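Those protein sequence lines, which keep their order, are chains A and B. Residue numbers for the first sequence follow full-length UniProt numbering, so the first one is 1 and each next one is one higher. Residue numbers for the second sequence follow full-length UniProt numbering, so the first one is 1 and each next one is one higher.
Worth flagging that the hints you see were computed from the coordinates, not collected in a lab. These numbers were taken from a predicted model, which means no experiment stands behind them. Yeah, the Cβ is synthetic: ideal placement off N, Cα and C, and Gly gets one too. Treat the hints with care, as some may be off.
If the Cβ cut is set under 7 angstroms, some of the chain B residues that face chain A in the computed set are [claimed, not checked]: (1) LEU8; (2) ARG15; (3) CYS26; (4) LEU189.
Computed list of lysine to aspartate or glutamate pairs in DMTMM-like fashion (alpha-carbon distance at most 20 angstroms, straight line) [unchecked claim]: (5) B:LYS83 with B:ASP100; (6) B:LYS83 with A:GLU228; (7) B:LYS29 with A:ASP207; (8) B:LYS83 with A:GLU144; (9) B:LYS83 with A:GLU152; (10) A:LYS177 with A:ASP145; (11) B:LYS25 with A:GLU152.
Chain by chain, the residues:
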Amino acid sequence: MAEATESSSSQTLTLKRAGRLRAERLIAERQRLKQTLTLKIVKRESDESSSSQTAEEEFKKLNVKEGEDSNKSSRKDGEKSKKLSKKEEEEATRIEVRTVDDVTLVDVHGENFSDVVQVDSVSSHLLGQILSYFAEQTRLAGEEDDLKKYEEEFVAALSLDEMKEMIITAHRLRMRKLVLLLSRSIANGIRNKTVEFVREFFGVVNDYTPDEEEAYRKENDWVFENIEEN
Amino acid sequence: MEHLPRELVANVLSRLPSKVLLLCKCVCKSWFHLITDPHFVTNHYAVYNTLQTQEENQNLLVIRRPFFSGLKTYISIVSWNHKNFVSSQVLNPPYEYNSDHKYWTEILGPCNGIYFLEGNPNVLMNPSLGEFKALPESPFTSPNGTYSFTDHAGFGFDPKTNDFKVVVIRDLWLKETDERKLGYWTSELYSLNSNSWRKVDAVLPLPIEIWGSSRVYTYANNCSHWWGYVDDESGSQDVVLAFDMVKESFRKIRVPKIRDSSEEKFATLAPFHEEASIGVVVYPVRGTEKCFEVWVMKDYWDEGSWVKQYSVGPVQVIYKLVGFYETNHFLWKDNNERLVLYDSEKTRDLQVFGKYDSLRAARYTESLVSLHRGDEFSHKCFSCSLVPDPLLHDSEYHVSF
Numbered sequence: 001m002a003e004a005t006e007s008s009s010s011q012t013l014t015l016k017r018a019g020r021l022r023a024e025r026l027i028a029e030r031q032r033l034k035q036t037l038t039l040k041i042v043k044r045e046s047d048e049s050s051s052s053q054t055a056e057e058e059f060k061k062l063n064v065k066e067g068e069d070s071n072k073s074s075r076k077d078g079e080k081s082k083k084l085s086k087k088e089e090e091e092a093t094r095i096e097v098r099t100v101d102d103v104t105l106v107d108v109h110g111e112n113f114s115d116v117v118q119v120d121s122v123s124s125h126l127l128g129q130i131l132s133y134f135a136e137q138t139r140l141a142g143e144e145d146d147l148k149k150y151e152e153e154f155v156a157a158l159s160l161d162e163m164k165e166m167i168i169t170a171h172r173l174r175m176r177k178l179v180l181l182l183s184r185s186i187a188n189g190i191r192n193k194t195v196e197f198v199r200e201f202f203g204v205v206n207d208y209t210p211d212e213e214e215a216y217r218k219e220n221d222w223v224f225e226n227i228e229e230n
Numbered sequence: 001m002e003h004l005p006r007e008l009v010a011n012v013l014s015r016l017p018s019k020v021l022l023l024c025k026c027v028c029k030s031w032f033h034l035i036t037d038p039h040f041v042t043n044h045y046a047v048y049n050t051l052q053t054q055e056e057n058q059n060l061l062v063i064r065r066p067f068f069s070g071l072k073t074y075i076s077i078v079s080w081n082h083k084n085f086v087s088s089q090v091l092n093p094p095y096e097y098n099s100d101h102k103y104w105t106e107i108l109g110p111c112n113g114i115y116f117l118e119g120n121p122n123v124l125m126n127p128s129l130g131e132f133k134a135l136p137e138s139p140f141t142s143p144n145g146t147y148s149f150t151d152h153a154g155f156g157f158d159p160k161t162n163d164f165k166v167v168v169i170r171d172l173w174l175k176e177t178d179e180r181k182l183g184y185w186t187s188e189l190y191s192l193n194s195n196s197w198r199k200v201d202a203v204l205p206l207p208i209e210i211w212g213s214s215r216v217y218t219y220a221n222n223c224s225h226w227w228g229y230v231d232d233e234s235g236s237q238d239v240v241l242a243f244d245m246v247k248e249s250f251r252k253i254r255v256p257k258i259r260d261s262s263e264e265k266f267a268t269l270a271p272f273h274e275e276a277s278i279g280v281v282v283y284p285v286r287g288t289e290k291c292f293e294v295w296v297m298k299d300y301w302d303e304g305s306w307v308k309q310y311s312v313g314p315v316q317v318i319y320k321l322v323g324f325y326e327t328n329h330f331l332w333k334d335n336n337e338r339l340v341l342y343d344s345e346k347t348r349d350l351q352v353f354g355k356y357d358s359l360r361a362a363r364y365t366e367s368l369v370s371l372h373r374g375d376e377f378s379h380k381c382f383s384c385s386l387v388p389d390p391l392l393h394d395s396e397y398h399v400s401f
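Construct the complete structure from the given sequences, taking the supplied hints into account.
Here it is in structure tokens:
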């Protein structure tokens, strides 16, 4: 189910929930062609605390300028980008923010026209942090030690649940480095936890019978020792 | 609250050590199938161990006999990170093998995370899964009129049959005259899949002699390697004997004149994974400050491609090479039989020691590859556990000169 809406400057295609898979393929394709991509952050019905106004403020805090003269350039997938000359600026991706009808649009510009991809189910707070990460990656590109230190601090400030939410979004946005960083951090976070904790965290239903589970635990008792009780 | 798609779950799980993954198998049936899937196992081995290297977590599997008396061999995992704190855990083998009469002399591995310990008894193990399996004894005796004095083992994996194999070559001596039936060898092969030994039909490329058992596990291109020599008019010529685990055949690899004499210099075979090839580390027998050379076969299949890659030193602590990994991590024992790591000009005392040249070390990797095969009864693997090492920081060692 896709409906097309026109915006003032360029053609945009709004893809609803059902078209998400197509959207992801589209992102990859546009990225490859260095073309524009617009992320539409839709307010969740259930989440009354976050509003598109707050989201806009978050993005503005990142010094992401509106309009054509933005000097901020960054690649969408969080990869290092070179320091740009005037010439290269045209080819680089740019982020633009504007609000249309209660919805904050974050445009990630490449060359030509843009697509709008729905990125719902994420709080604007976390998305703001993702873009922070993204911006820092660019700023610190090439300085390994500083980058490492930033990454350590970045994940230290996140709770396990926040990491979980963030990795899903980062995955959709094809931000490979962030996905790997979060994978490692989540792994460290669940390392010493009980089976019950892991089940709850990942939202997995236990389909073993009590006997089956008992048998497995008995056979591998050394595995279940020294576990945190929460 | 949304939940992680399978791809992300796999991403997270492949960054966990084996023990935690064994726990995760209990989470639900679909996780059980994910964790035992061969693709996941292969991927986990690469991802987890590369991550350890990236995070500068170093882990070694070490065997040593720390006491003057008794043969009891300690198997331990020695770890340290950039914080420079060395810790060690001793592997507690199952009760039957925890005695003075059981000992191990060489570590062969890791091969997909599996280690072969040459000794009495010969053992295959995956320490990260707590699996410890003694090989059955070989049923073969020496041919009539002969006996065997020394044997040398090789260990590897056959990807065609998905089987771990151990090859043993034995020398032959004549009973009547106690003469070495010169150059004559017999060889046999153990297969994990069948849990049994069989004779190797292929013949060694004679004449050939082996200097000694490999201190450093040199496995490349599905082949095991031993450092050997051939006697001719001009003396002993160093040579490499290779055994192909897939084809089950032997081959001789010629080596240029790397050292003037075996009495002046030690030569130890070592693997060079970046070149998918083998090399030799050559260093003097005597002296307190030694330089060592590293020779590599640039093209494994071309005998003429040996080059001297580089020289290092002089370094003070090196006495004998007891391990090697990752291109430039040399594990030496010093004059006090203490384990020292030398990499890029830094030396690090790892605070473990062994007597009577018993110290050996290899890179420790976590792996989900199990030694269990089909019929549990005939392939009984014992479980072993890790406990803190009581001998670390022990100052008992003799000063030798």
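Now the hints, each set against the structure:
no.	hint	verdict
1	LEU8	holds (6 angstroms)
2	ARG15	holds (4 angstroms)
3	CYS26	holds (5 angstroms)
4	LEU189	violated (31 angstroms)
5	B:LYS83 with B:ASP100	violated (36 angstroms)
6	B:LYS83 with A:GLU228	violated (25 angstroms)
7	B:LYS29 with A:ASP207	holds (6 angstroms)
8	B:LYS83 with A:GLU144	holds (19 angstroms)
9	B:LYS83 with A:GLU152	holds (16 angstroms)
10	A:LYS177 with A:ASP145	holds (16 angstroms)
11	B:LYS25 with A:GLU152	violated (29 angstroms)
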